[in-house]
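As given, the protein sequences belong to chains U and H, one line each in that order.
Using the numbering used here, you'd call the opening residue of the first sequence number 1 and step up by one each time.
Using the numbering used here, you'd call the opening residue of the second sequence number 1 and step up by one each time.
Hints in this document: simulated from the structure, not taken from any laboratory.
Take these hints with a grain of salt, some might be off.
Since the list can't tell identical chains apart, any single copy or any two copies may satisfy a pair.
As the list claims (entries may be wrong) - In silico EDC-like links for lysine to aspartate or glutamate, alpha-carbon gap of 20 Å or less:
#	residue 1	residue 2
1	83	8
2	83	13
3	83	14
4	83	43
5	140	51
Being a predicted model, the structure only gives us computed values, none of them experimental.
Number of protein chains: 2
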Amino acid sequence: MHQDALIDGIAADDSWLNERAFQFGDGLFETIAIVDGVPCLWDAHMARLSDGCRRLQLPIPDQYLLHDESLRLAAGRARAVLKIFWTAGRSERGYRRPSDVQPRRMLRVSQWNHPVRPAFWSVRLCRHRLGENPSLAGIKHLNRLDQVLARAEWDDAAFEEGLMLGQDGRVVCGTMCNLFLQAGDRLLTPCVRRAGIAGVVRGLALQIASDSGQVLEEDDVAIDAVHAADAVYLSNSLIGVVRVGRFEDKVFNLDVVEHPLMTETRRRCHRPAIRGDRC
Amino acid sequence: MHQDALIDGIAADDSWLNERAFQFGDGLFETIAIVDGVPCLWDAHMARLSDGCRRLQLPIPDQYLLHDESLRLAAGRARAVLKIFWTAGRSERGYRRPSDVQPRRMLRVSQWNHPVRPAFWSVRLCRHRLGENPSLAGIKHLNRLDQVLARAEWDDAAFEEGLMLGQDGRVVCGTMCNLFLQAGDRLLTPCVRRAGIAGVVRGLALQIASDSGQVLEEDDVAIDAVHAADAVYLSNSLIGVVRVGRFEDKVFNLDVVEHPLMTETRRRCHRPAIRGDRC
Numbered sequence: 001m002h003q004d005a006l007i008d009g010i011a012a013d014d015s016w017l018n019e020r021a022f023q024f025g026d027g028l029f030e031t032i033a034i035v036d037g038v039p040c041l042w043d044a045h046m047a048r049l050s051d052g053c054r055r056l057q058l059p060i061p062d063q064y065l066l067h068d069e070s071l072r073l074a075a076g077r078a079r080a081v082l083k084i085f086w087t088a089g090r091s092e093r094g095y096r097r098p099s100d101v102q103p104r105r106m107l108r109v110s111q112w113n114h115p116v117r118p119a120f121w122s123v124r125l126c127r128h129r130l131g132e133n134p135s136l137a138g139i140k141h142l143n144r145l146d147q148v149l150a151r152a153e154w155d156d157a158a159f160e161e162g163l164m165l166g167q168d169g170r171v172v173c174g175t176m177c178n179l180f181l182q183a184g185d186r187l188l189t190p191c192v193r194r195a196g197i198a199g200v201v202r203g204l205a206l207q208i209a210s211d212s213g214q215v216l217e218e219d220d221v222a223i224d225a226v227h228a229a230d231a232v233y234l235s236n237s238l239i240g241v242v243r244v245g246r247f248e249d250k251v252f253n254l255d256v257v258e259h260p261l262m263t264e265t266r267r268r269c270h271r272p273a274i275r276g277d278r279c
Numbered sequence: 001m002h003q004d005a006l007i008d009g010i011a012a013d014d015s016w017l018n019e020r021a022f023q024f025g026d027g028l029f030e031t032i033a034i035v036d037g038v039p040c041l042w043d044a045h046m047a048r049l050s051d052g053c054r055r056l057q058l059p060i061p062d063q064y065l066l067h068d069e070s071l072r073l074a075a076g077r078a079r080a081v082l083k084i085f086w087t088a089g090r091s092e093r094g095y096r097r098p099s100d101v102q103p104r105r106m107l108r109v110s111q112w113n114h115p116v117r118p119a120f121w122s123v124r125l126c127r128h129r130l131g132e133n134p135s136l137a138g139i140k141h142l143n144r145l146d147q148v149l150a151r152a153e154w155d156d157a158a159f160e161e162g163l164m165l166g167q168d169g170r171v172v173c174g175t176m177c178n179l180f181l182q183a184g185d186r187l188l189t190p191c192v193r194r195a196g197i198a199g200v201v202r203g204l205a206l207q208i209a210s211d212s213g214q215v216l217e218e219d220d221v222a223i224d225a226v227h228a229a230d231a232v233y234l235s236n237s238l239i240g241v242v243r244v245g246r247f248e249d250k251v252f253n254l255d256v257v258e259h260p261l262m263t264e265t266r267r268r269c270h271r272p273a274i275r276g277d278r279c
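In isolation and in its complexed conformation, chain U is listed as follows:
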């Protein structure tokens, strides 16, 4: 009988090596805030996951089942982080998917373990630039080496986040956050059509803007625009909306009144919601 697999020198079951998420990053994920035992912004996360499935040509998950399982894991937890993986299942070697892709769903809950962070974040500029590919931009797929390499550029507590540029030098996002710039009455966020992730809190801000008749522009953003902004914000599912106190050498004037759209977005992003509630 031949041995087939060794993991760190030890004969191993190779079933995990057949997982396409492991072999190729062939899958999607969502990182979801749990508050009072309930996942926040559930519909927005599921909408992005479904969009990712369409873009990657994967079957769309049963969202009721995912919700039930999420509640099982979240039960009794005041604050926690839920990560949902939706993968292209297993296959042997080779990029070609099996004709009957059988996605696997993997849910894990972990502690809300962010280190204590200041109210106003210090942000650096990453040297590593995002790859450009409109076919993969916006969705939360499992090919995340760009973010890993950018986040590896600093290992101290002096900065909470780093901004990332696209290949053409425009600003796209942070390693784990979306970006908003306030300049006078204008509020804008970088477009994520060529690179970056369409964050659910970013989506919530766009939805609130649309519902309330406020203007939140999606546009190309030059690095100079960050330096010149009156106020800068970062968002993701876990931090909600955070204001930037410093970007490299630029210190922002924190007396500038926060844009009401950012305040409202922060207020709504961690409100526990039952399934079907919009936010």
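Based on these hints, arrange chain H on the given structure of chain U.
Same frame as chain U, but now just chain H:
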């Protein structure tokens, strides 16, 4: 006691979900031909793996240990395929690597299970384009959604391979192969500085050219150049060097004499080699 993870609805050990190769594609791989119980082009595979480690800032593996383990798996196999994964190890949620990254090595051998293929391949043009990122181009990392999506464009046996374009429309490679064009006396292969993988057989061809004073150009390649070529070749570790009979509607004249550099590369790529032998 809280449940922490569910895989397809079943309470699960979450240790594999902590594997960074699974979470982010944070790692590298090599696919190596085994002939008569010995891995082929070993030094070339190890050189690319080491280059990948430098580019991804991962510790470089002990190549003697990998070779010993490869021989253990390959023993007694006349022809087989060895896949080596070298990952960034485990961590909890978050792009940030632990300060003491402990890579994991995973080796798996599988059957030389290519379907019977014609001597001259039929090749199509993929619609899905490669992302562009000079920071990740050339190395064989685990972020391979581009190849997966391109390979998902056809599911019949009419084509053995598909060519992929970069964002700017130039030809870079196939989904699993490098490309060579013969035009008169000229032989060229697309450069892989912005996208694509620097294949070990491609590297062997460049080395043979350099050693023998022949010219193999690395250059940007327009799609028209493929149609206009006198002969077209594909290469990878398993197929060696294969000649293309058809690209989309273009049928190539197989009476054109094969470039001697391609013949020599084919001859040398599956020669079993002990470690330290160059090829």
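Query raised in the report: Checked against the structure, which of the hints given earlier come out wrong?
Result: none
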